[in-house]
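Enquirer: Starting from the known structure of chain A, fit chains B and C onto it as the hints suggest.
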Amino acid sequence: MATKIPNIEDAQLRADIDRSLRHPVMFFFASGAAWLAVSLVLGIIASAKTHSPDFLSCCACFNVGRTMPAHMSTLIYGWGAQAAFGVIIWLMSRLSRQECKKSGIILAAGHFWNLMVAIGTLCVLVGSNNFMSGTGIVWMAFPKPIMIALAATYFLIGIWAVIAFRVRRGGHIYISQWYLLAALFWFPWIMISGILFSQIYLGDGHPLMVTASTAWFRSALMFLFFTPVAAASAYYIAPKVSGRPVYSYSLAIFGFWALAIVGPWAGMQRMMGTPIPSFMQFLSAGAAVLMIIPAIALFVNIIKTANSNKDAMSYSPSLRFTVAGAYGMLTFTVLGALISLPGALQYTQFSTAQYGLELTGLLGFFSMCMFGAIYFIVPRITNREWISASMISQHFWLTVYGVTFIALFYTLLGGFMHGYTLEQVGEPTEAAVGRLYPYAIGLTTGFVFLLIATFMFCCHLLLMWLRLGRRSSHPTLLARHAHASPHGPEGDLDKLESLDSNASAN
Amino acid sequence: MSVQPIDPKKPDLEESTNVAEQHAAVTRASAAATREQQVRENGLEPVSIWIFIAGSIVAIIAGSVLFSSNNLFGYDKFVKAGYVQADEVGGVKTVPMGEVEAVYMAKGASSYNKCKGCHQPDGKGNAAFPPLAGSEYVIDSPVSVLMAVINGVEGPITVSGKSFNSKMDPQLNKSTDNLEMAALVYYLQNSFGNKVGKIYTPEQMNQVKAMVAERPEGLCSAAELDKFRKIQLEGDLFEPGTLINKKTGEVIEQEK
Amino acid sequence: METNLRDTPLRRFNTFWWGLALFVVFGIICFIIKNFIQSDEMYSVDDERGKERIVKREQVEAAQAALLDYKKEGNEVQLPPSALFSAASELKILETQPADSGVPHNKEFK
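Residue numbers (the working numbering), protein chains in the order written: chain A, 1 to 506; chain B, 1 to 256; chain C, 1 to 110.
Here chain A stands alone, though its shape is the one from the complex (with noise of 0.2 angstroms):
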């Protein structure tokens, strides 16, 4: 059952933890939240572009070809990799706790981070022609020095995490430190093999090499690093704050394990018909659809957490975010198998569910988690409550608008629709582009709802971060309670800790 009394000394620990990290994170999640917004903007103006072709003509920078790659890199690498890490080096301190003695270096890390993700961003917009040049290859479109400079910076913020868990406080290892330890060692491997064979050998490389590469990092990204820091908070928040044990201890091993041994072989499928051995092309197909598996096994873990005890889930935004995550998850993970059936592989090869589907999980399960981390961590380290629990409300709302959009339109509907009429030997290719134009609409328009959710999470964030949210002992929480005011009951907190646990959610 939930501990009513609190622990001082655990409460001390924390919150000299929180106190630690409070730089490096809250920068992490400022400047993270900021490039989603610039990638949602990017994302708007690249597929408006797919139906409007007229928008924004007048500059170059905004064509297709380069805001596309924009969009998608500073989605990944500003926003992406950077709620990751404030999550992982937030998450690994307090699960191993530690202090973190080097929030410096890791703040000054992420400052370099954050200026080569900018650069990289405007030597794909601006279309140089030099060594500094957007490499075009998805996923990787940074410049190679500056996916070289990431791959370094990133150690020097990985590597505390390490040692963090490394000289932990004894005691059992929580499933969540699993995760994360597996996404901090899987995310160097995967950036350097993806960098080496995809970039540094692309001269004297195979140019079947580099392809294959490159689709088995897109995946492998997905897969190794984006959904164990996801699975990892979300194990986190879900017991947490709903005071209830994990589920299954043994199912959540289990998805675990499933995912190490399964994730790694996904990505291939995407180069089915091309002429690289046949296992590997089979393998990842029937990878991408084995991925159901442990995306079972995280969903119904969280689920019976969280539903364990239902009033958490009515009122906190950081549970609700989770949950939405899990389902986003489950929706990810069986659209990506359904587009990876050799039979559906010949409509989606080369159509927009690809794509779709990347949006899909970034945004619909990721994301998703993310925000709930981010909800339940910053009021942690600045000190503050959130001020508008209408704001939060929007926000999980028009982001769930926006991804069933994206996944509805894009992956689903108009990924079958443009890959079909794509295989109709007789057809040009401007009639498959024609048809996609409705859908090409649904994704602009879920995009606009994802950039104003972002917008309003932005500014909310931004008052958290100049340290303008509520100073109050009580959370902000979804819905109000029957007796006492949005920002909780009045009263002394000694006499409050006797009311009914809904004091103790969030």
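Hints may contain errors.
Here are the simulated PhoX-like cross-link-like pairs (lysine-lysine), alpha carbons at most 25 angstroms apart as the crow flies [claimed, not checked]:
#	chain 1	residue 1	chain 2	residue 2
1	B	Lys-174	C	Lys-51
2	B	Lys-230	B	Lys-209
3	C	Lys-92	B	Lys-174
4	B	Lys-195	B	Lys-162
5	B	Lys-114	B	Lys-247
6	B	Lys-209	B	Lys-162
7	B	Lys-116	B	Lys-195
8	B	Lys-227	B	Lys-209
9	B	Lys-247	B	Lys-162
10	C	Lys-71	C	Lys-92
11	C	Lys-51	B	Lys-114
12	A	Lys-144	C	Lys-71
13	B	Lys-246	B	Lys-114
14	C	Lys-56	B	Lys-167
15	B	Lys-114	C	Lys-56
16	B	Lys-162	B	Lys-230
17	B	Lys-227	B	Lys-174
18	B	Lys-114	B	Lys-195
19	C	Lys-56	B	Lys-116
20	B	Lys-247	B	Lys-167
21	B	Lys-198	B	Lys-167
Anything over 12 angstroms on all C-beta distances counts as not near chain A; from chain B, calculated [stated by the list, open to error]:
#	residue
22	Gln-22
23	Gln-38
24	Pro-46
25	Glu-99
26	Asp-122
27	Val-159
28	Ser-221
29	Leu-237
Simulated from the structure, these hints should not be mistaken for lab results. Ideal Cβ placement from N, Cα and C applies to all residues, glycine included.
Expert: What follows is chains B and C alone, placed relative to chain A:
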């Protein structure tokens, strides 16, 4: 915030530490951390049977996907050289086909594009280059025209009574597609006023290729072309109206 | 708080450098294996076709340059373009002559 840590050795009766104050100070300063609960993962709920069933279904589907490629190592059976995708009309795959004369004329016309520069679009040539219209080297036999195009021609030559003395480089070679060769012959023999009407099959082009292999390297002379003019190709010609595959040249059997 | 026996400076130092070493070694191994396995001849269709084109282009350029060489036929001399101005100045056919009409916009300009 500096709160002195609570020293477990100091009992509550000691005056210098007021535990309640200390607790209250910590609680106020880090309210969020205070109200947190401990994370516990010792959930021992049994894993529902439905999860196993769902997992097994997924594993079966994945296995079928994996083994749907009959051959996991090696892509010779998987990638076909010279594969031409068939048209799909209303969901039924059809083969691009047409009547052989139309196919040959279209294909030959596109091959002739690079010859237009010298031999002119109307095939009448000019002072330097011989005409193809009414040329005995074109009309009398397919072998002479093909050998001229494959090997090239140099030296003095008399065509339709006029003499010419230029050089033509080889335009095709012995590995050119049979269909393209047969189409070019048909086009040249049936355009610009020529009306030979014989429809050679792509297989017959192999005989020409054999002759190319036999002769020594080098451009043909007029005397050699005169010899070739007298050779005809063996084998059956196509009937007019035969349907062939536009891309591979294979005959398509028509159902009666 | 209980003392943390695991937290020693040595352990931190070790972890840092082992972490760095792990991935540097991985990169080096990748590099070695890739260079070891890859065969030396890399056939690129673009390069092969390019070689043919380059040969043809050089032939064309040589032929065109040959047309512009110095030639003399009887009274006519053909000069290469680079030698034109020096020859013209020697022959004094490109010298500027004073204009009759004077400066434009002058009263004398007709």
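Enquirer: Regarding the pair B/Lys-114 and B/Lys-195, is the alpha-carbon distance no greater than 25 angstroms?
Expert: Given pair B/Lys-114, B/Lys-195 holds - Cα atoms ~22 angstroms apart, limit 25 angstroms.
Enquirer: Do the alpha carbons of B/Lys-209 and B/Lys-162 lie within 25 angstroms of each other, as the hint requires?
Expert: violated (29 angstroms)
Enquirer: Measure nothing beyond the straight line between the CA atoms of A/Lys-144 and C/Lys-71; if it is 25 angstroms or shorter, mark the hint as holding.
Expert: violated (54 angstroms)
Enquirer: For C/Lys-56 and B/Lys-116, compute the direct alpha-carbon distance and say whether it is at most 25 angstroms.
Expert: holds (21 angstroms)
Enquirer: Holds or violated: B/Lys-162 with B/Lys-230, Cα cutoff 25 angstroms?
Expert: Given pair B/Lys-162, B/Lys-230 holds - Cα atoms ~20 angstroms apart, limit 25 angstroms.
Enquirer: Holds or violated: are the alpha carbons of B/Lys-247 and B/Lys-167 at most 25 angstroms from each other?
Expert: violated (32 angstroms)
Enquirer: Measure nothing beyond the straight line between the CA atoms of B/Lys-195 and B/Lys-162; if it is 25 angstroms or shorter, mark the hint as holding.
Expert: Cα-Cα ~21 angstroms, so holds.
Enquirer: Is the hinted pair B/Lys-247 and B/Lys-162 satisfied, with a Cα-Cα distance of at most 25 angstroms?
Expert: Violated, at roughly 39 angstroms.
Enquirer: Between B/Lys-198 and B/Lys-167, is the straight-line Cα distance small enough, at 25 angstroms or below?
Expert: Given pair B/Lys-198, B/Lys-167 is violated - Cα atoms ~28 angstroms apart, limit 25 angstroms.
Enquirer: Taking C-beta pairs only, is B/Leu-237 more than 12 angstroms away from all of chain A?
Expert: holds (31 angstroms)
Enquirer: For the pair supplied as a hint, C/Lys-51 and B/Lys-114, confirm whether the alpha-carbon distance does not exceed 25 angstroms.
Expert: Cα-Cα ~22 angstroms, so holds.
Enquirer: Given the hinted pair B/Lys-246 and B/Lys-114, is their alpha-carbon gap at most 25 angstroms?
Expert: Answer holds: B/Lys-246 to B/Lys-114 is near 21 angstroms, not above 25 angstroms.
In summary, the numbered hints that this structure violates are 3, 6, 9, 12, 20, 21, 22, 23, 24.
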